[in-house]
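Colleague: One-letter residues, chain by chain:
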Amino acid sequence: MIAEELPKIAAQEREEQRKFKHHIFVCSGTACLSAHSDQIQAALEKDVEERGLDHVCAITGGGCRGLCASGPMVSVEPAGVLYQGVKPEDSSEILEKLDAEPVKRLQASTETPFYKRQKKVVLEYAGTLDPERIEAYIAAGGYGALLKVLTEMTPQQVVEQITRSGLRGRGGAGYPTGLKWSTVAKAQGAHKYVICNGDEGDPGAFMDRSVMEDYPYKILEGMTIAAYAVGADQGYVYVRAEYPLAVKRLKAAIRQAQKNNLLGSNIGGTTFIFQIDVRLGAGAFVCGEETALIASIEGKRGVPRPRPPYPAEHGLWGYPTLINNVESYANITPIIRNGADWYSAIGTEKSKGTKVFSLTGSIQNTGLIEVPMGMSLREIIFDIGGGIPNGKRFKAVQTGGPSGGCIPEQYLDIAVDYDSLLHLGTYMGSGGMIVMDETSCMVDVARYFMEFCMSESCGKCVPCRVGTAQMYDLLNKITQGEATLDDLAMLEELADMVKHTSLCGLGQGAPTPVQSTLRYFRDEYLSHIVDKVCSAGVCKIHQYAEVVR
Amino acid sequence: MRSTAVKMVKIPSEDKRWRLVNAAMRRHGNKPDALIETLHTVQEAFGCLDDLSLRYVAANLQVPLSCVYGVATFYNFFTLKPQGEHNCVVCLGTACYIKGAPQILESIQNRVHIKPGETTPDKKISLLIARCLGTCGLAPAAVFDGEVVGKLTADAATDKVEGWMKS
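Protein chains in written order, with our numbering: chain A, 1 to 549; chain B, 1001 to 1167.
Don't read these hints as lab results, they were simulated from the structure.
Be careful, since some hints might not be right.
Claimed, not checked - If you want a taste of the chain B side facing chain A, the calculated C-beta under 10 Å gives, among others:
| id | residue |
| --- | --- |
| 1 | 1061 |
| 2 | 1065 |
| 3 | 1075 |
| 4 | 1149 |
What the hints assert, rightly or not - Covered by chain A, according to a simulated footprint, are these stretches of chain B (three or more residues, beta-carbon under 8 Å):
| id | segment |
| --- | --- |
| 5 | 1032-1046 |
| 6 | 1066-1073 |
| 7 | 1082-1095 |
For each residue, glycine too, the CB sits at the ideal point set by N, CA and C.
Using the sequences provided together with the hints, build the complete structure.
Modeller: Here you go:
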């Protein structure tokens, strides 16, 4: 494809779409699929055919609408009607009411704070784009950014745009993306690689899964722009094997992009060459760490190595390698399309743009949200999230997965960005936000994450391998009511040691859940140790039961 | 690292599934970095990674058997033991955990009398745990024979497993 052909494809697709008066999108994300949205789609398709509506109404498997707990979601465009909790038998009623008042019984309001307060940059076109057809993406403006970059901009200008936008790595640590790109661009090497880190291992986080499932083309386009900017010729998307739908859609998207000359050689009619392959993870949390991920792509055990040298200079097979997270790449096209200034106007002074969070746990509206950086936790949890169900009391919100911490009620009004969370002793992480109510025991939560880090430790460095096991034993003792105050002192000492002496982020972050719960919920630890009581009623403290008896 | 011409070792048997394995290795140029992708294919085709297949892959990709074994045991996704006829994967991600996944796992364990990672002696049911399925919106969740079931209760889970035991 050459630059002139793109508008033609877009116009043709739009013309095609205009033939249909109604467009029904059935969410085909993992959550809605497991609530049998595929059966709903089949029922709608059958009904449309039987009623002879196939020339006025198109049925498409669409992307995620965010409100996963109320799925399966079905939306009718252009009317903008959203249905929730749809069953296959509802299909005829939905079709009957296409030109009339929507089915009240199923309708979900789009006027609620859940939809109104979000800002979609990564998740633009929310749910109304066919994730399996490149034409639909092109018609929605896709690949315009890539062709603009290839025909109008030099690689330096692209790097400069990304730097100016203020985008920071969405994998968690928040390293400035532009800086990373310029380091790789300057590095010398016969080859250069671009890697997309889709090894979303944090339990309780599914943002990247959703982005890969719904916007595979957007990730490919972002990676291709990155490759142009840094001078890479080969890219890899490293995806968890646990995400089969994401793998399937990415592979299909790569094939379609190749067919349309948007990947491969002579991309967009220029001399630029870039190829992307999918690599499957195999269930190792540590592979989210960049050097471990590189080892895994090389077909080895996913074991990290000391840095420096950083992958930007010495990465895959020893060549300069750019590694970014899925969400970081998904931000690239909007930045190029709308300009760095537009992007940097969103968010806070040091954290620009938006962030996608997966809101789960004890919360009314579990699902996927995207908000501008700087929104307060209270707005996220109580306005967008709808608060805590069943009249329970909010206790804490956990961010950053096994390397993150818990934030208690008194800090709910802080503006969420990279730095404010670090200040509170947790970190942004990839965007999992797990809300806990009074029925969660914070010591048990700390033990849960320690167990996770202990079994996911790769075993290479001693502080992580042995330290996490020792800390887990101590936490176990505390939750069983068998610990002493000396054990608590030992736990704190170990936490400090493991944090400062481990090789990679897994070990360095492993003590964070313990340290943060100790910081805000020390009384809970003490009541387990001194009074032998778990106030949340989670831990089974045998000794206490015997005393009462 | 990048080896050139590779002499292929003969397939261990006439089983057609070996062709899939060969195709996977060929797709990656029979190079050592094809190891993980190849093991995925072997597990998909044969259900697990047995001794024979590990040796075969090692010989063809020219990777020492020790390294192949190292990779196969490092990653949680790979299994060296044959799986049961049915399998149940309980998610123990954070969202599922605080919404009662441990109780669900316990009730299943009490019913089938095996621990996670084990298969019943009659080879009927395998019980596994997952770190996170990514369906946190539907927590607690589990996968029964490849089908994700969300908003699960302990009763529903044991019913499902009991159904398998009777079949």
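Colleague: For each hint, tell me whether it holds in the structure or not.
Modeller: Here is how each hint holds up against the structure:
no.: 1; hint: 1061; in the structure: holds (8 Å)
no.: 2; hint: 1065; in the structure: violated (14 Å)
no.: 3; hint: 1075; in the structure: holds (3 Å)
no.: 4; hint: 1149; in the structure: holds (7 Å)
no.: 5; hint: 1032-1046; in the structure: holds (count 8)
no.: 6; hint: 1066-1073; in the structure: holds (count 3)
no.: 7; hint: 1082-1095; in the structure: holds (count 4)
When the structure is compared with the earlier hints, a violation turns up for hint 2 alone.
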